[in-house]
Amino acid sequence: MSQRVVVIGGGLAGLAASMKLAEEGIAVDLVSMVPVKRSHSVCAQGGINSTNKFTRAQGDSEQKHFDDTVYGGEFLNNQPMVKEMAYWAPKVVNLLERIGVPFNRSDEGNLAVRRFGGTLYKRTVYAGASTGQQLLYGLDEQVRRFEAEGRISKYEFWEFLGPILDDQGTCRGAVVQDMFSLELKALKADAVVMATGGCGLIYGKSTMSMVCTGGANARAYKAGAFYANGEFIQVHPSAIPGQDKLRLISEGARGEGGRVWVPREPGDTRHPGQIPEGERYYFLEERYPEYGNLVPRDIATREIFAICKSGRSVDPDTYCVYLDLTEKATKIKRQVLEHKLGNILEIYEKFVGVDPLDEPMKIFPAVHYSMGGLWVDYVKDTRTGGLVAGEPANQRTNIPGLYAIGECDYQFHGANRLGANSLLSCIFSGLFVAPGIKSWLKNMTGTAAADQPASLYEGALARHRDAYKALINSDGDENPYKLHRELGELMTRNCTVVRDNGELRETVSQLGELAERATRLKMTDKGNWTNQNLSFTRAVVDMVDLARVIAAGALARDECRGAHYKPEFEIPAPTATDKDELERKADQWCQRYYKQNQEWLKTTRASYTGDGPQLSYEPVDAAEIPPRPRTYGIVGAEIIERVWRERYLAKAETLGHEAELSASAGT
Amino acid sequence: MPETVTVRVQRQDQRGGRPYTQEFRLPYKPRMNVISVLQDIACEPRTASGEDTTPVAWDCACLEEVCGACSMVINGKVRQACTALVDNLLKEQPVIDLRPMTKFPVIRDLVVDRSRMFEALKQVKAWIPVDTYGDVGEGPMIAPEQADSRYPKSRCMTCGCCLEVCPQVNEHSDFIGPQAIAQAVLFNEHPTGAMTAATRLEALMGPGGISDCGNSQNCVKACPKEVPLTEAIAIAGRATTWHAIKRWFTK
Amino acid sequence: MSGVQPGLLERNHFLLRRLHSLSGVIPIGAFLINHLLANSLTPTPAAFNEEVEWIHGLPYLVFIEFGMIFLPLAFHAGYGVVIAMQAKHNVQAYGYADNYRFTLQRVSGWIAAVFIVVHLLHFRFAGLVGGTSYPDVVHDGATPYGAAYAGFQSFLPLALWMIIYAIGIVASVYHFANGMCTFCITWGITVGNRSRRAVSIAMTGLALVLLFFGFRGLYGMSSNFEAGQTDSHGLPADLAEHRGDLGHDTRPGEQG
Chain A
8 MSQRVVVIGG
18 GLAGLAASMK
28 LAEEGIAVDL
38 VSMVPVKRSH
48 SVCAQGGINS
58 TNKFTRAQGD
68 SEQKHFDDTV
78 YGGEFLNNQP
88 MVKEMAYWAP
98 KVVNLLERIG
108 VPFNRSDEGN
118 LAVRRFGGTL
128 YKRTVYAGAS
138 TGQQLLYGLD
148 EQVRRFEAEG
158 RISKYEFWEF
168 LGPILDDQGT
178 CRGAVVQDMF
188 SLELKALKAD
198 AVVMATGGCG
208 LIYGKSTMSM
218 VCTGGANARA
228 YKAGAFYANG
238 EFIQVHPSAI
248 PGQDKLRLIS
258 EGARGEGGRV
268 WVPREPGDTR
278 HPGQIPEGER
288 YYFLEERYPE
298 YGNLVPRDIA
308 TREIFAICKS
318 GRSVDPDTYC
328 VYLDLTEKAT
338 KIKRQVLEHK
348 LGNILEIYEK
358 FVGVDPLDEP
368 MKIFPAVHYS
378 MGGLWVDYVK
388 DTRTGGLVAG
398 EPANQRTNIP
408 GLYAIGECDY
418 QFHGANRLGA
428 NSLLSCIFSG
438 LFVAPGIKSW
448 LKNMTGTAAA
458 DQPASLYEGA
468 LARHRDAYKA
478 LINSDGDENP
488 YKLHRELGEL
498 MTRNCTVVRD
508 NGELRETVSQ
518 LGELAERATR
528 LKMTDKGNWT
538 NQNLSFTRAV
548 VDMVDLARVI
558 AAGALARDEC
568 RGAHYKPEFE
578 IPAPTATDKD
588 ELERKADQWC
598 QRYYKQNQEW
608 LKTTRASYTG
618 DGPQLSYEPV
628 DAAEIPPRPR
638 TYGIVGAEII
648 ERVWRERYLA
658 KAETLGHEAE
668 LSASAGT
Chain B
184 MPETVTVRVQ
194 RQDQRGGRPY
204 TQEFRLPYKP
214 RMNVISVLQD
224 IACEPRTASG
234 EDTTPVAWDC
244 ACLEEVCGAC
254 SMVINGKVRQ
264 ACTALVDNLL
274 KEQPVIDLRP
284 MTKFPVIRDL
294 VVDRSRMFEA
304 LKQVKAWIPV
314 DTYGDVGEGP
324 MIAPEQADSR
334 YPKSRCMTCG
344 CCLEVCPQVN
354 EHSDFIGPQA
364 IAQAVLFNEH
374 PTGAMTAATR
384 LEALMGPGGI
394 SDCGNSQNCV
404 KACPKEVPLT
414 EAIAIAGRAT
424 TWHAIKRWFT
434 K
Chain C
-16 MSGVQPGLLE
-6 RNHFLLRRLH
4 SLSGVIPIGA
14 FLINHLLANS
24 LTPTPAAFNE
34 EVEWIHGLPY
44 LVFIEFGMIF
54 LPLAFHAGYG
64 VVIAMQAKHN
74 VQAYGYADNY
84 RFTLQRVSGW
94 IAAVFIVVHL
104 LHFRFAGLVG
114 GTSYPDVVHD
124 GATPYGAAYA
134 GFQSFLPLAL
144 WMIIYAIGIV
154 ASVYHFANGM
164 CTFCITWGIT
174 VGNRSRRAVS
184 IAMTGLALVL
194 LFFGFRGLYG
204 MSSNFEAGQT
214 DSHGLPADLA
224 EHRGDLGHDT
234 RPGEQG
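Protein sequences, first through last, are from chains A, B and C. Here the numbering used here = 1-based position in the first sequence + 7. Here the numbering used here = 1-based position in the second sequence + 183. Once you know that position 99 of the third sequence is 82 in the numbering used here, the rest is easy, because the numbers rise by one and skip nothing.
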């Protein structure tokens, strides 16, 4: 019988996997809640990172991209995967170029580049300010090509309800539901690939699309897959508020010279145009002279939070700062900016009604990306420090036959993702998973899914049919939309930029209550045709489950790392006027940081129980690039860097070896 | 600031069902758009006259006008619901009017079936037929002018506005619509795509193809992403003519 | 069209559409320009007669008439009807100027088609509706001008004829001039906005000139009619003297 693979989700990762699998001659069923061309990847704006000829000429290399990525992720990323990705990046961009993505070009016809956060090199290639859209379309077109040939079957407007596991716990397919007719189908598959993106809707409003509930991820998690590093949620520094969602203003705006500032005097309510240069506080540039406005997102967000807390917010109701392109708009021509950033300028103008080239944009931080996700395995190549291509374990969850790629996996970005690395990780993991699945199919022991007993699929269908019928007929007293808003407010309040154990404990218990209330939901639509109420309500239940993973993980992790910031456990910066005193304090700082890494340089792994998540931890492979203080050259931290280099660096090299040993022994 | 917003929605329960209208009254909130109006209706689906009803079904995803999902006819004009701000709509007329697009079969309420647009992309072979996804080096060098010509066409998000406003797209005609024509041009303008330009042109030369365009130029004005559709149609018009002549003389 | 296999039409769809577009310019558009220009340049009955006589003296006239005028016209009109039936107008919702032009193109096409049929039955094929066709008039010894005069006296009052002709001319000129703009898009001549605007302006100019020609011809004719009298053959008395001079083989250039 012919073997098939089901891919759930048609964003960049899902499409990349589908086309690569199809090229390998494997039949693919591609399932998506929206036409794949409308997947959330369209929202990515700024670009995709890879070492390129321009940066190479300045001394850049894949190794530096690798280093920037793990430094940006505060060393929580398993390094073999990141290394492999960084070395693949130029190849990924080459492929995108070949399939016709209309990247901006230099005068000579090369790919144009710009700088993004967390690096000093212009490593980001882009297509205007809608790079994600352009990449998605490029891959969508390739998938359509196979679809036209009958090698990929699309199930658009179908929703994933859960994996089908056999008695041995191997994934043998997926149950999906037609969102129009509500028909259920058991898709037989020899491998199922989750490419279902992030879970921003847990926060109510975020920069994510309406399908990014994390529902599919939660369904895999509830079927037994580990969910890792859930507590790491990226809050993007620059978005614009809205009633329905928070709209992203790309880091590319800063990459093209946009400057972030507030009035130097708290409470200054003058129009930005009337505030003279000297009375503007370019706080990122002053505090981080090296990286300036392009510090990593977690840092930029925290700085914005802190500056707004000090009374300098430029909006009375929210935490807003100026993102200023007007200076650039007069210096270089407006057209050039419109050319490079058109899409975000349009978004701002359409929603705010102000041309950002005339007046500084008011931006504020918004939930943007989930670094965490389904736990996946990898096989390290001990010779290169990267991965062994074609190993079935790569990108595989703890459920055999169930894979996860893209934002819905937990890898690549550690505790904080660098801008323009997500498009890369999505496409890379999509392309990279395919040869592994091919070997999995080739070497499969036992029968293929097509030869499994019919009872396996019938049983799964019956279970899901009962569940959805029960849900559609449920007549409780809880309004799912209101419950979702409540969930969003709770999570936004307590699980975003600044985290506190007291509040987190409260959140965990409130989430338990929400989970209980989510069993008593009221459906306002009991019909069997295009019932959007059903789909949303089902996702609300799932969102509560994932929220519990996020909150529990955050509560347990007593440290500051990347996007996870608990002031209580922040190591205070060494200050002293006396040189020796300062040296001693810096040493204390390094000692604490070293201990923090000893204790917390590990992956959180949540497994589902009816009473909420059960957490366990796994060491991180940081063998190649030992952890170091993540200062980004903030003024005053030079001494920390020096002390670490002199006294702790060698010691730190042992920190990430535990995982390496266990990885090579275990797989 | 008004205290409430009144919205009239054309609804339809089934494919081929009879449309009917319902009115909803909701508390006004600042920065409201049509999406948030529909979200508020979904939260408490009750008509202005106080009757409980089902939530209005509609299509949406990104909410920032890059995915193309939420096209609908708002106050008589097709547009994206996400960028349709309530404050602006109320300036047009006191009751906001929401209807599904008319050129596509209604699935339910404001949800329509746009699969014909995706089928059209297959018809014009809107892709670059690369040899392999393997690592075979860089793509062709492309002049900035060429990239700049392609990018605006590549922003087409398959939203359907151009088909909705096109007088030539309707039940009496097979016209493929401006979107697919622009996409054919997009790929013919790429150095690799140009190698298979003839197949895309031929796909546009049958009944319902490029020659069914009536040059009303509504498409280019209604396009929310300012895709240069008329320009693309003109380019395709010229290319198909040359192709036809060449084919006639070389066959 | 019922005799033609649908397969053939479908196979040649592109060709047919292109021919439709082209035929509107050459020969129909060219003929329209010539026709209106010629009429405006013949303000006196004598000049009118000379012109008509010249035309009717052309060799192989029947092939020219049918091959280059009637057949293309019939095709353009007939296929135009097929095309016009496809459109679903929406100017109420989308009141863009170009959309109005699109709708007017179809409306003017209908009017022009009907008008041209009337015009042909009025003169060239008047025999079909009980009148006297142009060539026969001349054979009978009447002048072309006299025949025209007779035509405008029959069926309807002169003023109504003038209104019908005025509408017909406006519709035809609009259809031609706007058709030229869309022709330029269809054939990929005006790709960019600027060139489209330029052609649009140029065609507005051309339309005004053609309308001027058309109305001048119409005015010349009606003022002559009003000033003149009729003879027993339906000819203005003051023109009767010219009758004998107009031989079938006389070239206008040889006249004094």
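These are computed hints drawn from the structure, not numbers from a lab. Even for Gly, the Cβ is constructed at its ideal location relative to N, Cα and C. Misleading hints may appear alongside valid ones.
Listed below are the simulated PhoX-like cross-link pairs for lysine-lysine, each with C-alpha atoms no more than 20 Å apart in a straight line [as the list claims (entries may be wrong)]:
1) A/LYS573 x A/LYS586
2) A/LYS533 x A/LYS476
3) B/LYS305 x A/LYS357
4) B/LYS260 x A/LYS357
5) B/LYS305 x C/LYS71
6) B/LYS274 x A/LYS489
7) B/LYS260 x B/LYS404
8) B/LYS260 x B/LYS274
9) C/LYS71 x B/LYS434
A partial selection of chain B residues facing chain A, derived with a Cβ cut-off under 7 Å [said to hold, decoys possible]:
10) MET184
11) LYS212
12) THR237
13) LEU246
14) TYR316
From chain A, some residues computed to sit far from chain B (all C-beta separations above 12 Å) [as the list claims (entries may be wrong)]:
15) MET26
16) ASN101
17) ASP147
18) GLY280
19) CYS315
20) ALA580
21) GLY619
22) GLY640
Tested hints:
1. A/LYS573 x A/LYS586: 29 Å, violated
2. A/LYS533 x A/LYS476: 9 Å, holds
3. B/LYS305 x A/LYS357: Roughly 33 Å between the alpha carbons, so the hint for B/LYS305 and A/LYS357 is violated.
4. B/LYS260 x A/LYS357: Holds. B/LYS260 to A/LYS357 sits at ~17 Å (cutoff 20 Å).
5. B/LYS305 x C/LYS71: 26 Å, violated
6. B/LYS274 x A/LYS489: Given that 20 Å is the threshold and the Cα spacing comes to 30 Å, the pair is violated.
7. B/LYS260 x B/LYS404: 12 Å, holds
8. B/LYS260 x B/LYS274: 14 Å, holds
9. C/LYS71 x B/LYS434: 38 Å, violated
10. MET184: Cβ of B/MET184 sits 14 Å from chain A, so the hint is violated.
11. LYS212: With Cβ-Cβ at 6 Å, under 7 Å, it holds.
12. THR237: Hint on B/THR237: holds, closest Cβ of chain A at ~4 Å, below 7 Å.
13. LEU246: Where the cut-off is 7 Å and the nearest Cβ of chain A is about 5 Å from B/LEU246, the hint holds.
14. TYR316: 5 Å, holds
15. MET26: 7 Å, violated
16. ASN101: 5 Å, violated
17. ASP147: 9 Å, violated
18. GLY280: Non-interface label on A/GLY280 holds, nearest chain B Cβ at 23 Å vs cutoff 12 Å.
19. CYS315: 20 Å, holds
20. ALA580: About 38 Å separates A/ALA580 from the closest Cβ of chain B, which puts it past 12 Å; holds.
21. GLY619: 27 Å, holds
22. GLY640: Its Cβ never comes within 12 Å of chain B, the nearest being 34 Å, so this holds.
The structure shown violates the earlier hints numbered 1, 3, 5, 6, 9, 10, 15, 16 and 17.
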